[in-house]
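Can you make the complete structure from the sequences, with help from the hints?
Protein chains in written order, with the working numbering: chain A, 1 to 276; chain B, 1 to 334.
Derived by calculation from the structure, the hints in this document are not laboratory data. Misleading hints may appear alongside valid ones.
What the hints assert, rightly or not - With the C-beta cut set under 10 Å, the calculated list includes, among others, these residues of chain A facing chain B: (1) Lys106; (2) Asp107; (3) Leu109; (4) Asp169; (5) Glu172; (6) Tyr187; (7) Ile194.
Stated by the list, open to error - With a Cα cut of at most 25 Å, we get these calculated SDA-like pairs of lysine to any residue: (8) Lys74(B) - Leu171(A); (9) Lys113(B) - Lys153(B); (10) Lys164(A) - Lys153(B).
Note that CB positions come from ideal geometry on N, CA and C, so glycine has one too.
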Amino acid sequence: MARKVTSRRVWVSTTAAWLFGFLIFLPILWMVLTSFKTELEAFAMPPTFLFFHWTTENYATVQGRSDYVHHALNSIIVAGGSTLIAMIIAVPAAWSMAFAPTKRTKDILLWMLSTKMMPPVGVLVPIYLIYRDFGLLDSRAGLVLILCLGNLPIVIWMLFTYFKEIPKDILEAARMDGATIGRELVYVLTPMAIPGLASTLLLNFILAWNEAFWTLNLSTSDAAPLTVFIASYSSPEGLFWAKLSAASTLAIAPIIILGWFTQRQLVRGLTFGAVK
Amino acid sequence: MGQITLQRVRKSFGPVNIIKDANLDIEDGSFVVFVGPSGCGKTTLLRLIAGLEDVTGGQILIDGRNVVDVPPAKRGLSMVFQSYALYPHMSVRGNIAFGLKMAGLPRPEIDRKVEAAAATLNLTPYLDRKPRELSGGQRQRVAIGRAIVREPKAFLFDEPLSNLDAALRVQMRLEVTKLQKQLGTTAVYVTHDQVEAMTMADKIVVLNAGRIEQYGSPLELYERPANLFVAGFIGSPKMNFVSGEAAGEPGVATLGVRPEHLRIGKEGEGWPGTVSVAEHLGSDTFLYVDAGKLGMLTARCIGEFSLKAGDRVWLSPDPARLHRFDKEGEVVRK
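Here's what the structure looks like:
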C-alpha cells in the first residue's frame with residue numbers, strides 16, 4: 001500500500017532536508033566567508049557572520065606568496081593521470097570479471113577491497129623508503145602511481161557492478177547479429193556502459209584531487225598538488241586562518257564547479273548501480 | 001533452405017550431462033517446438049544450435065554442413081530471446097537494422113528491408129522510438145523484426161512469450177505462427193507451456209532430463225505417447241494413471257486414460273468412486289473423483305453437468321483410448 005503523503009509531512013521533511021543540507025554546507029560557507037575577513041576578524045570572539053569588513057587582500061597575499069597555478073596544474077596532472085591509468089587497467093579487469101567470471105572472481109574482488117581496509121599510515125615507512133630509493137619522492141609520476149594504486153580497487157568494484165548490470169542476452173544478441181568482439185565493444189557495450197564509465201571517472205578524479213595523506217607525505221614542492229598548497233598555510237609561521245581559508249577556497253573551487261556540472265552522473269555513481 | 005540435423009549431440013557442464021545423445025531431424029520450413037519441464041535442457045539445446053554454447057560431442061548440420069566449429073553469426077540463424085535483448089540505446093530502426101549493418105549491406109538496401117519488416121509487424125509508427133518507450137508486445141515485435149530482417153535459414157525462439165500477459169500471449173502466439181507460415185522459414189521454438197507447444201508446432205520434441213523422449217506431431221504425441229513421461233506431460237488436465245493390477249489388467253504396470261476419455265456411466269458400469277471436487281468452468285466440468293484403490297481420477301465432462309461433491313459416480317474408460325505402459329514406463333504396443 002502506498003503511504004499517504006500529507007502536505008504537512010512534505011513540509012516537515014523538506015525543512016529537515018534543507019536544515020541538514022545547510023549543516024553539511026556550513027563549514028564550506030564558513031571557510032569562504034573567513035577567506036574574505038582580515039586575520040584579526042577571522043578569530044574574533046564572538047565570530048562575525050556577514051557584517052565584517054570584506055577584503056580580498058588574503059587572495060592577493062596567497063597569490064603573491066605561492067604559485068597557485070603551479071599547484072593547480074600538479075593537481076590536474078596527478079588526479080587526471082592516476083584516474084586515466086586506473087581506468088585503463090580497471091576496464092578490462094572489470095570486464096573479464098563481469099562477463100567471464102571464474103570460481104575465484106568473488107575472492108579476488110574481496111581481496112582487492114580488503115586492501116582499502118588497511119590504514120595507509122601502516123605502509124607509509126616502506127613506501128617512503130621505496131620512493132626515496134627509486135627517486136620518486138616529490139615527483140608527479142610517483143604521486144600518479146600511488147594514487148592510482150590506492151583507488152584501483154574502488155574503480156574496479158564500481159565498473160564491475162556497472163558491467164554486471166548489462167544483460168548477457170544483449171551481448172549474445174549482438175553475436176547472433178554478426179558483431180565481432182570489436183564491433184560489439186564499439187556499438188553495443190560502450191554506449192551502454194558510458195554512464196557507468198563517466199561516473200566512475202568523475203568520482204575517482206574527485207577522490208584523487210582531495211587525497212591528502214600520500215600527497216602531503218610524498219611531495220614538497222615540485223610535484224606538490226593543491227593539498228600541499230593548503231597545508232603550507234597551516235603550521236610553519238603560526239596559524240593564518242584567513243589566508244588558509246583563501247587557499248582552501250582556491251583549492252576546492254575547481255572541483256566544486258566540476259561536481260556541480262556533473263551532479264547527475266555523480267549521484268548515479270555513488271549509489272553504485274543500486275537504482276536502475 | 002533451413003534443414004537442421006542433430007547427430008548424437010552431447011553437452012556437459014563439468015561433470016553434469018545436460019544433453020545426452022540428442023538425435024533430431026528438423027525439416028526445412030517446419031515449426032518445431034522443444035517442450036519440457038524446467039531444467040530439462042531445452043534452452044541448452046537451442047543455444048547449441050545457435051552456437052552460443054559449444055557441443056561436448058556430436059554434430060550439428062545445417063543444410064548438410066557441420067557447423068559445430070562455426071561461430072553463431074556465420075550459421076545463418078537468428079534468435080529471439082526471452083528478455084527480448086533489444087539494444088536499449090538504439091531506436092527501433094537501429095535495432096532492426098543492426099544485423100544488416102554488421103553484414104555490411106548498403107544503406108538504401110538496409111532502409112528498404114527495415115521498412116518492409118516494420119510494415120509486416122505493424123511497427124512503422126514506432127521506428128524512431130527507443131525500446132523503453134514501447135510496450136511489452138511491441139518490444140517483442142521488435143525482437144522478431146530483428147530476426148526476420150536478416151532472412152535467416154531458421155528462427156530460434158527462446159521462450160519469447162513468457163514475459164507477456166495471458167491475453168497478449170495468445171495473440172502473439174497466433175501472430176508468430178502466421179508469420180512463420182507466411183515466410184516459410186524453419187523455426188525452432190522453446191517453451192515450457194504445453195498449450196503453446198500443441199497449438200504452434202508442426203512437430204514437438206518432448207525433452208526430459210536431457211533426453212529426447214519423443215518427437216512427433218502434436219496429435220501423435222497426444223494419441224500415441226511413447227512413454228509415461230510424455231503421456232503425463234502432454235494434455236491438460238493431466239492423464240490419469242492407475243496401476244494395471246488394480247484396474248484388472250495384471251500384465252500391465254500402469255494404465256493411462258485421459259480425463260476426456262472417462263465417461264460417467266450408469267450404476268454398476270466401470271470404476272466406482274465419490275466426487276471430491278467439481279470444477280465448473282462453463283464450457284467444461286472437471287470432476288475429481290476418489291476411486292478407492294485406483295486413487296484420485298480426473299474426469300472431463302460437458303459444461304452443464306449437475307454432479308457435486310459427495311455424489312457417487314461410475315467412471316468407464318473408453319477402451320480404444322487406453323494407454324498401457326510396462327514397468328520401465330514404455331508404452332506396450334499390441
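Hints broken by the structure, by number, lowest first? Those not satisfied are hints 1, 2, 3, 10.
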